[in-house]
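Sequences listed follow chains A and B, in order. Residue numbering for the first sequence follows the working numbering, beginning at 527 and increasing consecutively. Residue numbering for the second sequence follows the working numbering, beginning at 116 and increasing consecutively.
Hints are computed from structural coordinates only; laboratory data are not their basis. It is possible that part of the hints are untrue.
What the hints assert, rightly or not - Mimicking DSSO-like on lysine-lysine, the simulated pairs with C-alpha atoms at most 27 Å apart in a straight line are:
#, chain 1, residue 1, chain 2, residue 2
1, A, 597, A, 544
2, A, 544, B, 229
3, A, 583, B, 229
4, B, 183, A, 591
To be verified - Which chain B residues face chain A? A few, computed with CB under 10 Å, are given here:
#, residue
5, 149
6, 158
7, 161
8, 167
9, 170
10, 174
11, 219
12, 220
13, 223
Even glycine gets a Cβ: it sits at the ideal position worked out from N, Cα and C.
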Amino acid sequence: EAQVTQNPRYLITVTGKKLTVTCSQNMNHEYMSWYRQDPGLGLRQIYYSMNVEVTDKGDVPEGYKVSRKEKRNFPLILESPSPNQTSLYFCASSYRGDRAGYGYTFGSGTRLTVV
Amino acid sequence: GESVGLHLPTLSVQEGDNSIINCAYSNSASDYFIWYKQESGKGPQFIIDIRSNMDKRQGQRVTVLLNKTVKHLSLQIAATQPGDSAVYFCAENANIKAAGNKLTFGGGTRVLVKP
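Just chain B, same shape as in the assembly (with noise of 0.2 Å):
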């Protein structure tokens, strides 16, 4: 498969075990924050997302929390599975009207899940 990145941060996880994945932006006049999840050799697949008037935002063993005073973005995975092995990515929106819908990301971080 392809490779995403080399030089990547790493979390190793044991399966069974939660996981967090953190992110920081810059832009303050971001609305709109998503988690996108890479496997190997594919492209970026949409997690969850969330909207700046929001704290917190749960999906299917997935939860999201944002905290705009310090610009800080987590991912929260629940029981950690094999399948969750993949570089995760934050993405920021700011401005939708004057640049649509233009994402700024993250640099990734790597999940390796430990059986």
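Chain A with its partners taken away, still in its complex shape (with noise of 0.2 Å):
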């Protein structure tokens, strides 16, 4: 079946304990990116990646890092994070602009609240 996988689902921190979100995707896709959604601000984008070793900052990168090693992963790292980083956060991959089907496939979300 074809996915986007985020772990974990739930994830209850501390200020300043690093963390990592890991976003697995089985599509080939080339473009990956990562979404935090809080109430009344809708989607908004932290990173994204347009292919292997290529990253980006979207509009709210502070406070985040990420990586593309591989194609079918793209781990968001939080070095020290804060409580207003308690948020719902979505990774979505998709093929590149160029190609047929521009929309994005969403991971089922990654609830982090730090305390």
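Put the two chains together into one complex, using the hints given.
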């Protein structure tokens, strides 16, 4: 089944403790992206990657890091989480814009709480 | 399930009636638009898309209308069913070559279907 898999689904952590949220897709998509979703603010892009070893900042990148060492994986790293990073996170993937089917496939989300 | 938004505009619809969800976009350079559906506890799911060289596109029970003059997008759902209860997001893609597949999302509309 074609899908984007995120782990964990739920995570509660303490301020300052480094964490990684994993994302993997099995559709051979070039493009991957991380979004956070907050009440009243919709989905905002954190980082994106257009291909292996190519990453760039989205609209709200502060406090986050990403890497794209393999085509299928795009982990989101919080080096020193803070309470304002409490949110619902989504990973998404798609083909590049010059191919058919621009729409994203989203993962099921990771609910992160930083206390 | 996850709460995706506490301050969303809400559309209450009687089962069997048609629903119309509206979205205003801001970037006149946007050339690709997508509607997503997000059910509680899940990631957004692709419903239908439309390119800027079209005014209307139909899918199964759904129709998207694009009015570029006033930068307005709408999603029409025919014969709304209880399973249509969800949050609906529009998304726009501007200047694909510069930023790959970056989508900018609207704030979302909650649709509640009354039996």
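Hint check results:
1. Between residue 597 of chain A and residue 544 of chain A the CA atoms are separated by roughly 24 Å; this keeps the pair inside 27 Å, and the hint holds.
2. Between residue 544 of chain A and residue 229 of chain B the CA atoms are separated by roughly 45 Å; this puts the pair beyond 27 Å, and the hint is violated.
3. With a CA separation close to 42 Å, the supplied pair residue 583 of chain A and residue 229 of chain B exceeds the 27 Å bound.
4. Restraint check for residue 183 of chain B and residue 591 of chain A: not satisfied, since their Cα atoms lie roughly 37 Å apart, outside the 27 Å limit.
5. The restraint placing residue 149 of chain B at the interface with chain A holds, with a minimum CB-CB distance near 5 Å, inside the 10 Å limit.
6. For residue 158 of chain B, the shortest C-beta to C-beta distance to chain A is roughly 3 Å, which falls under 10 Å, so the interface hint holds.
7. Interface restraint check: residue 161 of chain B against chain A, minimum CB-CB distance 4 Å, threshold 10 Å, status holds.
8. Below 10 Å, beta-carbon pairs count as interface contacts, and residue 167 of chain B has none with chain A, the closest being about 12 Å; its hint is therefore violated.
9. A distance limit of 10 Å between C-beta atoms decides the matter here; for residue 170 of chain B the minimum to chain A is near 19 Å, and the interface restraint is violated.
10. Annotation: interface hint on residue 174 of chain B violated; nearest CB of chain A at approximately 12 Å, more than 10 Å.
11. For residue 219 of chain B, the interface hint holds, the least distance from its beta-carbon to any beta-carbon of chain A being 8 Å, beneath 10 Å.
12. Satisfaction of the interface hint for residue 220 of chain B is found here, the shortest Cβ-Cβ separation to chain A being roughly 4 Å, below the 10 Å cut-off.
13. Taking 10 Å as the C-beta contact cut-off toward chain A, the hint placing residue 223 of chain B at the interface holds, the least distance being around 6 Å.
Of the numbered hints given earlier, the model fails hints 2, 3, 4, 8, 9, 10; all others are met.
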